[in-house]
Amino acid sequence: ENDSLLTDANRLESATKEKKKKKKDPLSDIEKLRESYKGNLFLVLEYVSHDLTGLLDMAFRFNDIQVKSITKQLLEVLDFMHQRDYVHRDLKTSNILITDKFEVKLADFGLARCLKDSRVFVGDSSGHKSNNPEFTNKVITLWYRPPELLLGETCYGTAVDLWSAGCILAEIILGRPIFTGKTEIDQLKLIFDIVGTPTKESWEGFNKLKLIRTGEVTIGKAKQFRLREKYAEKFTERMQPSSALSLLEKLLELNPTRRFTAKNALGHRYFQTEPMAPEDPSRLGRIDIGGEAGFHEFQTKKRRREAKVVAKKAEEDAKVMGKSSDQQKEAFDEAYRHYLATGGLESKIQRPKKRMSR
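Numbering (UniProt numbering), first residue to last: 1 to 358.
Hint data in this document are derived by calculation from the structure and do not stem from the laboratory.
Keep in mind it's a predicted model, so treat the numbers as computed, not measured.
Heads up, the beta-carbon is just placed ideally off N, CA and C, and yes, glycines get one too.
Treat the hints with caution; some may be incorrect.
[As the list claims (entries may be wrong)] Restricting the straight-line Cα-Cα distance to at most 20 Å, the calculated cross-link-like pairs of lysine to aspartate or glutamate (EDC-like) are: (1) Lys250 / Glu229; (2) Lys250 / Glu76; (3) Lys313 / Asp333; (4) Lys250 / Glu330; (5) Lys230 / Glu330; (6) Lys72 / Glu31; (7) Lys116 / Asp79; (8) Lys301 / Asp317; (9) Lys234 / Glu334; (10) Lys72 / Asp90; (11) Lys101 / Asp333; (12) Lys32 / Glu134; (13) Lys308 / Asp333; (14) Lys329 / Glu316.
[Said to hold, decoys possible] Pairwise CB distance ranges (calculated): (15) Arg304 / Glu249: 27 to 37 Å; (16) Lys302 / Arg228: 32 to 42 Å; (17) Gly127 / Tyr47: 29 to 39 Å; (18) Glu233 / His338: 16 to 26 Å; (19) Gln224 / Asn40: 48 to 58 Å; (20) Thr236 / Asp288: 24 to 34 Å; (21) Asp64 / Thr136: 35 to 45 Å; (22) Arg304 / Asn207: 31 to 41 Å; (23) Lys101 / Glu201: 45 to 55 Å; (24) Arg226 / Lys138: 45 to 55 Å; (25) Phe80 / Ser282: 18 to 28 Å; (26) Asn40 / Gly220: 49 to 59 Å.
All chains should be built: construct the whole structure from the sequences, respecting the hints.
Listed below in structure tokens is the structure:
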């Protein structure tokens, strides 16, 4: 019973903090708080037709200018928050809401914190703001969690949001999450495999992080940065300029003090070259989803589960055929995307049953 009361108290505290922040920040790119009620706390928020997870699960393919506009809007709201010393700590595609007119609304501020609430406030030379004393590192959904948190860092700040933003940019372009670890250790391995392993030169002080210090994580054989090598062709296939990959490299920087700030990112050449993201996102047209009311993560979970079963079978078939590990992964991805796009309708067509002979 005490545990239940504590849980309810924590939820109330989190909801109250969300209410306070939403009232304070009227920026249009943050989901609007319409009303609240005392007693049992309820927040009435504006309705937004889609979230990024729902659209990506339905294999919605964004073109180059749409990707640029969504990314720019996300970075603008992060810059707005970070300048006011807030860190979101839960950026993921299901918290990026999108209207039919391609307007981005950032949602779910339950884990957000004000850095000035800490007893000591510091800013490092990178331009990122961080906290001292400690926050918990058990925040941010695993696939979007930065390496410093995975290694046990508790004195962190705005840089964690920029890693998550990089993961989101990659997911919009690739159509799937870039790092899909099953555990924290597995997530680190996937990250190191793509962006390389840290060294004393590339990330000063990383060896002092808790999980390195205690031996729970060992770096092992050095791996090189191969983000461009692995994804350059895929970015080209999806009509994305090389500058998009360049921006991604700056966001998926292992060392948080070298990682781009939101302000840095907005000044990157990706946003200064044609086609330019319009100031008014509605100029991009409307999201056409064939008459459906909207797509959100909670609506597409069942289809994702079914897609994973089908994709796993395709991956196993590729393995039996002697395909390489990369080809097996490609088979999984292709089957997964195809199922999401079709809903498995091709496999569900009912064929007439043969009559039993008497």
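Status of the hints after comparison with the structure:
A threshold of 20 Å between alpha carbons decides the hint, and for Lys250 with Glu229 the separation of about 15 Å falls inside it, so the pair holds. Of the supplied pair hints, the one linking Lys250 and Glu76 holds, its CA atoms being roughly 17 Å apart against a limit of 20 Å. The suggested pairing of Lys313 with Asp333 holds, with an alpha-carbon distance near 11 Å, which does not exceed 20 Å. Using a Cα cut-off of 20 Å, the hinted pair Lys250 and Glu330 is violated, with the two alpha carbons roughly 26 Å apart.
For the hint linking Lys230 to Glu330, the alpha-carbon distance of about 13 Å falls within 20 Å, and the restraint holds. Taking the CA atoms of Lys72 and Glu31, the gap is about 16 Å. The hint holds against a cut of 20 Å. Taken as a hint, the Lys116 and Asp79 pair is honoured in the structure, with Cα atoms around 16 Å apart against an allowance of 20 Å. The straight-line distance between the Cα atoms of Lys301 and Asp317 is roughly 25 Å, outside the 20 Å bound, and the hint therefore fails.
Of the supplied pair hints, the one linking Lys234 and Glu334 holds, its CA atoms being roughly 13 Å apart against a limit of 20 Å. At roughly 18 Å between alpha-carbon atoms, Lys72 and Asp90 fall within 20 Å of each other, so this suggested pair holds. Between Lys101 and Asp333 the alpha-carbon distance is near 29 Å, which puts this suggested pair outside the 20 Å criterion. A hinted pair counts as satisfied when its Cα atoms are at most 20 Å apart, and Lys32 with Glu134 does not qualify at roughly 30 Å.
Of the supplied pair hints, the one linking Lys308 and Asp333 holds, its CA atoms being roughly 9 Å apart against a limit of 20 Å. Note on Lys329 and Glu316: the hinted pairing holds, with a Cα-Cα distance of about 10 Å set against a maximum of 20 Å. Remark: the range hint 27 to 37 Å for Arg304 to Glu249 is upheld by a beta-carbon distance near 29 Å. Look at Lys302 against Arg228: about 36 Å separates their beta carbons, and that is inside 32 to 42 Å.
A beta carbon spacing of about 36 Å between Gly127 and Tyr47 agrees with the range 29 to 39 Å that was offered as a hint. Our hint of 16 to 26 Å for Glu233 and His338 holds, since their Cβ atoms are close to 20 Å apart. With their beta carbons about 54 Å apart, Gln224 and Asn40 fall inside the hinted range of 48 to 58 Å. Taking the beta carbon of each, Thr236 and Asp288 are about 26 Å apart, inside 24 to 34 Å as hinted.
Judged by the Cβ atoms, the range 35 to 45 Å given for Asp64 and Thr136 holds: they are separated by roughly 38 Å. Distance hint check for Arg304 and Asn207: the Cβ-Cβ separation is about 38 Å, which falls inside the suggested range of 31 to 41 Å. At about 47 Å, the CB distance of Lys101 to Glu201 agrees with the hint of 45 to 55 Å. For Arg226 paired with Lys138, a C-beta distance near 29 Å fails the hint of 45 to 55 Å.
About 20 Å separates the C-beta atoms of Phe80 and Ser282, a value consistent with the hinted range of 18 to 28 Å. Checked against the given bound of 49 to 59 Å, the beta carbons of Asn40 and Gly220, roughly 51 Å apart, stay inside it.
Going through the hint list in order, the structure does not satisfy hints 4, 8, 11, 12 and 24.
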